[in-house]
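Listed below, chain by chain, are the residues.
Number of protein chains: 2
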Amino acid sequence: MSTIENRQFKLIARPKGMVKRSDFEFASAPAGEPGPGEVLVQVLYLSLDPAMRGWMNEGKSYIAPVGLGEVMRAGGVGRVVGSRDPGLAVGDFVVGMTGVQDYAVMKAKDASKVDPRLAPLPRYLGALGMPGLTAYFGLLDIGQPKESETVVVSAAAGAVGAVVGQIAKIKGCRVVGIAGGPEKCRYVTDELGFDAAIDYKNQDVRAGLLQFCPQGIDVYFDNVGGEILDIALSLLARKARVIICGAISQYNSMESLQGPRYYLSLLVNHARMEGFVVFDYLARYGEGMQALVGWTMQGKLKAREHVVKGLETFPQTLLMLFRGANAGKLVIQVADE
Amino acid sequence: MSTIENRQFKLIARPKGMVKRSDFEFASAPAGEPGPGEVLVQVLYLSLDPAMRGWMNEGKSYIAPVGLGEVMRAGGVGRVVGSRDPGLAVGDFVVGMTGVQDYAVMKAKDASKVDPRLAPLPRYLGALGMPGLTAYFGLLDIGQPKESETVVVSAAAGAVGAVVGQIAKIKGCRVVGIAGGPEKCRYVTDELGFDAAIDYKNQDVRAGLLQFCPQGIDVYFDNVGGEILDIALSLLARKARVIICGAISQYNSMESLQGPRYYLSLLVNHARMEGFVVFDYLARYGEGMQALVGWTMQGKLKAREHVVKGLETFPQTLLMLFRGANAGKLVIQVADE
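If you're matching them up, the sequences are chains R and W in order. Under the working numbering, residues -18 to 318 are what the first sequence spells out, in order. Under the working numbering, residues -18 to 318 are what the second sequence spells out, in order.
For the record, the hints were derived by calculation from the structure and aren't laboratory data. From a predicted model like this one, the values you see are computed outputs, not experimental measurements. Treat the hints loosely; a few may be bogus.
No copy labels: a pair is met if it fits in one copy or bridges any two.
To be verified - With a cut-off of at most 30 Å between alpha-carbon atoms, the simulated BS3-like pairs for lysine-lysine come out as follows:
| id | residue 1 | residue 2 |
| --- | --- | --- |
| 1 | K152 | K220 |
| 2 | K90 | K220 |
| 3 | K220 | K127 |
| 4 | K127 | K41 |
| 5 | K41 | K182 |
Given the sequences, and given the hints that come with them, work out the whole structure.
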């Protein structure tokens, strides 16, 4: 019988508007034992993602909502501390949906081995994880950027946006990022090599896009929705592609969600707006990871992680995403490596 | 010198909201004389289209706005009454952008000959004209319907919608129309062969779509925008295609235009929303006309025109479109055949 203590955040109420501490219960239970084909994973880092807000809502979506009383869903990287599967050994590092807890019993087939010598472990939750794959498939498969086209990405310093812009540069595009604050703007231009950045908190986004996209926007990768999506739609080039990846400005106010008022720009410009979630590309994750790791090794794909220590900080750390308070991929460090 | 009197509607003010009589001047001038390569056309029928409302607005679009003081732009069918081009003879019937007037001097290359033995002349402004081509390219090129998929079209009894639904039936789809009033609904089901129709003036559109599209909507062809677009978005099937062809509910209130609140349905369903205007397909008009005429000859493509007599009725007849008061393609008969 396991005597390892396992702290867990369980969802106990469906949030109305912004997530609150009282939507969760934080309690301990003994860590489970792996059955045949299973492993016990000690969680080292947890991924905090805007999509988590959607998983807390009732109702049909691309994935079932987290049930009330269940451990909150989250991706994580951890160390195998017990194994009843020949494919994974104690001491291996894996990534998977561990949930917001110290220890997770997982099916071995749902835990992917990762190599800590190729990249720091938290990167497998960011540029080399779901956000990186999201950027890869969304930009290349839906956006189909061509050399010398103008690509605009919102939340440009975020986990997805930073990878979108760098892949667009690799493909020979002009890249304009939209981010909040001068520090994030400097990061995407000076460190990541974007051609320009617009600080939506201190600058006029429309004026900036007019300046940096004199021929209009060929590809717009949207992570935010709301007013910035409207402005981008109003400045599309002919045959533009708009990728709907997220809408972080709207996730805490779905009842009064603002639709894109300039959607008729699609009509006059023969443009296309298409949405996706990364799980749609499950069968091609291998291809995506190969490309992302390759670019990382060549120094063409940079990333940074914003690490907050302590599982107990989960509810307030999650809120940093919606304030844009994180610099890079937001993760919680649950235990020392 | 011509002494033929030519009555003309000129745009003299940019309408605010709904079009008013006072936005136009109705006056006479002598009909012009055709120069080399030109023809003089007596207009017999004029096409009234929702798109006309957009042409009256200032600002960049897919086509230049009608200038103040210029004859209002319109498609028309007419008889050649003077020709200085070897390709067209007096007595030929042609279709082209004649403008809202009795007589038009046109370049012969901008006037396409039509055959009055194949179909009644007004049909070349409807099912065998721009609306028919709009339906053809929008549905087939953008919508790409596959056999047994569910296709929904709004303004289903209108000039475009009626052709969309019939082509979808030809392609083996289940077709649901949305139209205003029981008469239009009976028309699309009983005369045009749609599988079902929903009367948005008297029925709950959402309940109707849930009933008739139990697997969700695979292709939604939108002519109306506003609330009906919202409802359709909320009921998309996976990998659905939404064709943005028009937004007649919004054209007279562009300043307060309502964006599609359910656009995140594109994200969760990996769906696509794409706009177009028929002029994008200029190079393929021949292909489209061949198909439309062929289906008409085979009795698979039916149409009806709503004919109002008298050029002088133009401003008030145009308003019928926005009230949905027309049954079939709305045309003005300017002169007897």
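Can you give me the call for K127 and K41, within, between, both or neither, at a CA distance of at most 30 Å?
between (36 Å within a copy, 25 Å between copies)
With identical chains treated as interchangeable, where does the CA-CA distance between K220 and K127 reach 30 Å or less: within a copy, between copies, both, or neither?
Both. Shortest intra-copy (12 Å) and inter-copy (24 Å) distances satisfy the 30 Å Cα cut-off.
30 Å Cα cut-off: does K152 pair with K220 within a copy, between copies, both or neither?
Classified as both; 19 Å inside a copy, 27 Å across copies.
Is it within a copy, between copies, both, or neither that the alpha carbon of K90 lies no farther than 30 Å from that of K220?
between (42 Å within a copy, 28 Å between copies)
Is it within, between, both or neither when you check K41 against K182 at 30 Å Cα-Cα?
Intra 34 Å, inter 29 Å, cutoff 30 Å: inter-copy only.
The structure is consistent with each of the numbered hints, conforming to all of them.
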